[in-house]
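Starting from the known structure of chain D, arrange chain S on it as the hints suggest.
Residues per chain are reported as follows:
Number of protein chains: 2
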Amino acid sequence: MVKPSRSIEFLGEDAQAYVPHLAVDCVVFGFHAGELKVLLTHWANRDRWSVPGGFVRRDESLDDAATRVLRLRTQLDQLYLEQFHTFGALSRRDEQIEHMFDARPAESAAATWVRERFISVGYFALVDFSEVTPTADGVLTDECRWWDLKSRPPLLLDHDEMVERALGVLRVQLRHRPIGLNLFPDSFTLPELQRLYETVLGRTLDRRNFQKKMLDLGILDRIGERRGNGVRRAPYLYRFNLPKYEEALQEGISLGK
Amino acid sequence: MVKPSRSIEFLGEDAQAYVPHLAVDCVVFGFHAGELKVLLTHWANRDRWSVPGGFVRRDESLDDAATRVLRLRTQLDQLYLEQFHTFGALSRRDEQIEHMFDARPAESAAATWVRERFISVGYFALVDFSEVTPTADGVLTDECRWWDLKSRPPLLLDHDEMVERALGVLRVQLRHRPIGLNLFPDSFTLPELQRLYETVLGRTLDRRNFQKKMLDLGILDRIGERRGNGVRRAPYLYRFNLPKYEEALQEGISLGK
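The listed protein sequences derive, respectively, from chains D and S.
Numbering-wise, the first sequence is residues 658 to 914 according to our numbering.
Numbering-wise, the second sequence is residues 658 to 914 according to our numbering.
So that you can see chain D by itself, here it is in the shape it has in the complex:
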C-alpha cells in the first residue's frame, strides 16, 4: 500500500487550505532510447490516464505548487519547470472526479470544492529519464509511469491538448535556444542529440547541416572518448559546456527553420 501523499490532502477536510477553482498540471518530457517520453498517472477508479497534477495551497505560489506536485511524482529534487499555458475553457469540469465524492456527505468541504469548474495552469519540464522514480499518490492514482509520446493512451479532460501545446512550445524554443541539458545523463553523441531534435520536431534533419550548426554554437565540449569499446568510427562523445550553454539560453541562438 502506497502512503498517500500530501498532494491529496484536500480529500480530507483540508479543502480550505487550497485555492478554489485552481489546479496545476505538469507535462513531463524525458528522452530514452531515441524516443520522447511523457510521464502519466493512472486514475484507479476509472481506468484513465492524465498528466500529473494537483491543487494550489493558499500559502504557496503557482510555481511552488507545480514544483511540489512534480517532486511527489518524480522524486526529483532539482526541477526546471516552465509555465506554458493556462487552460480556462468552460468545459473544464470533471464529472467523473465529482462522482468519486458522491459517497461523502454533500456538505463536506472536499465534496463541494471538487464540484467546481477548474482553471489549470500548465507547466512543462524536461527531465533526465534515468533519474526519475515515477510515483503514484496511491489513492486517486494507482500508477505513474513513462509512455512513448507517440503511443500514449487518450488522456482525461483536455490533457491531450496540454501535451500537444507543451510540445508546440518546445518546438518553437528549439529554434532559438539550446535544449538537451536536462534530457541527457552526462555525455552523448551528436547522432543522439540529433535524434532528440528530430523527435521533438517530428521530422528528420540533414546530418551534416545539423552537426555543423550544433558545433558552431560553441556549447558542446568534445570529450576524448568514443561510444563503444574499440569500435572504429564510433561517434565522439560530447558534453554541454555549462557556462556557454547558459549564455546561449540568455542570449538566444538561431537554428533557422
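These are computed hints drawn from the structure, not numbers from a lab.
Be a bit skeptical, because a hint or two may be false.
A pair holds if it fits inside one copy or across any two, identical chains being indistinguishable in the list.
[Unchecked claim] Derived SDA-like pairs (lysine to any residue); straight-line CA-CA distance at most 25 Å: (1) Lys-807 to Gln-673; (2) Lys-870 to His-699; (3) Lys-807 to Gly-909; (4) Lys-870 to Ala-905; (5) Lys-901 to Val-826; (6) Lys-807 to Leu-736; (7) Lys-869 to Glu-739; (8) Lys-807 to Ala-690; (9) Lys-901 to Asn-839; (10) Lys-807 to His-699; (11) Lys-807 to Leu-899; (12) Lys-870 to Pro-848; (13) Lys-807 to Gln-907; (14) Lys-869 to Leu-812; (15) Lys-901 to Gly-859; (16) Lys-807 to Arg-828.
The following block gives chain S in isolation, referenced to the frame of chain D:
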C-alpha cells in the same frame, strides 16, 4: 459622468457571478509615430496606473473574459489576444484596492471577495493605434490612455513585470513569425516596418539586411505609390499579402538573431 461598465458589476452584490481568486490582465501594444505604445488605465482614488484588467465570470472562458475586458477599454470589435503568462505569486494581494471596500459592510460579497489573493492570467494584444478609443470604466478608473512604452509611469502591483514579460514574448516571436498586421493601418513603408522591429527589439538594425530579409519572406506586396507627394526617392508603400502572411504565421519564418 461616464456610465459604469459591466466589468465592474462585481462592485455590487454580483460577486457570486465571478470566479474567486482569478483575474485577467491585458497588455495592449500599439505603434504610432515610430514609438511602441501601451494602453494604461488610471485608478481614480489612488493616482496609480495599471494595464486594463477584470475578473472572470463563472459562465465565460478565460479567453472570453480577456476579450470582454479589452473590448470595453478599446471599443474594438475585432481583437487578437494572446495569452502569455499567468501570475501567481503569494504577494498578489492589493491592499489599496481592499481599502476601497472598507466603507462597505464587512459581510458584503464584494468586500469579502476582493480581499483575496488573486491569480492573474496575462494576455497581450497588438492593435491598430488609430482604431482604439481608450475608455475608462468611470468608477474604479477615471482615465484610460496610451503611453509611450519607454516613458510610462510605474505600474500597480506586478504590472511592470507583466509589460516586460509580454514584450519579451513579442521579441521572441519576432524571430519566427511575422508581426505588424494589426499594428499598421493599411499601408506602410519599409523604414516604418523597420522602426517597428527596432522599437520592439530595443536596438537598431542594418537597413539593407532588414529590407532584404523582409522582402525575401514574400509577405509584402508593393503598391504603386510612394509616401509623400511628388517627393523624389520617397520610400515605396507596402501592404501585407494576407494569404502569405497567414501562411508565414502557420509555418514560421526565420529572421535569425
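How the hints compare with the structure:
With identical chains, the CA atoms of Lys-807 and Gln-673 are never at most 25 Å apart, being 39 Å at best within one copy and 43 Å at best between copies. Taking the shortest Cα distances, Lys-870 and His-699 never come within 25 Å of each other, neither inside one copy (41 Å) nor across copies (49 Å). Only between protomers do Lys-807 and Gly-909 lie at most 25 Å apart by alpha-carbon distance; the minimum there is 23 Å, versus 29 Å within a single protomer. Within a single copy, Lys-870 and Ala-905 get their C-alpha atoms as close as 13 Å, and across copies as close as 23 Å, so both meet the 25 Å cut-off.
For the identical chains of this complex, Lys-901 and Val-826 are neighbours both inside a copy (23 Å) and across copies (23 Å), given an alpha-carbon limit of 25 Å. Taking the closest pair of Cα atoms, Lys-807 and Leu-736 come within 25 Å of each other only inside a single copy of the chain (24 Å); across copies the shortest separation is 35 Å, beyond that limit. In this assembly of identical chains, the alpha carbons of Lys-869 and Glu-739 never lie at most 25 Å apart, being 29 Å within a copy and 35 Å across copies at closest. Only within a single protomer do Lys-807 and Ala-690 lie at most 25 Å apart by alpha-carbon distance; the minimum there is 14 Å, versus 49 Å between protomers.
Taking CA atoms no more than 25 Å apart as the test, Lys-901 paired with Asn-839 passes inside one copy only; the shortest distance there is 15 Å, against 37 Å between copies. For a Cα distance limit of 25 Å, the shortest separation of Lys-807 from His-699 inside one copy, 17 Å, qualifies, whereas the shortest one across copies, 50 Å, does not. Proximity of Lys-807 and Leu-899 under a CA criterion of 25 Å is satisfied in neither setting, with 31 Å inside one chain copy and 34 Å between copies. Taking CA atoms no more than 25 Å apart as the test, Lys-870 paired with Pro-848 passes inside one copy only; the shortest distance there is 13 Å, against 32 Å between copies.
In this assembly of identical chains, Lys-807 and Gln-907 lie within 25 Å of each other by CA distance solely across copies; the values are 22 Å between and 31 Å within a copy. With identical chains, the CA atoms of Lys-869 and Leu-812 are never at most 25 Å apart, being 39 Å at best within one copy and 46 Å at best between copies. In this assembly of identical chains, the alpha carbons of Lys-901 and Gly-859 lie at most 25 Å apart only when taken from different copies (24 Å versus 27 Å within one copy). In the homo-oligomer, the alpha carbons of Lys-807 and Arg-828 lie at most 25 Å apart inside one protomer (15 Å), although the nearest pairing across protomers, at 32 Å, exceeds that limit.
Hint violations for this structure: numbers 1, 2, 7, 11 and 14, all remaining hints satisfied.
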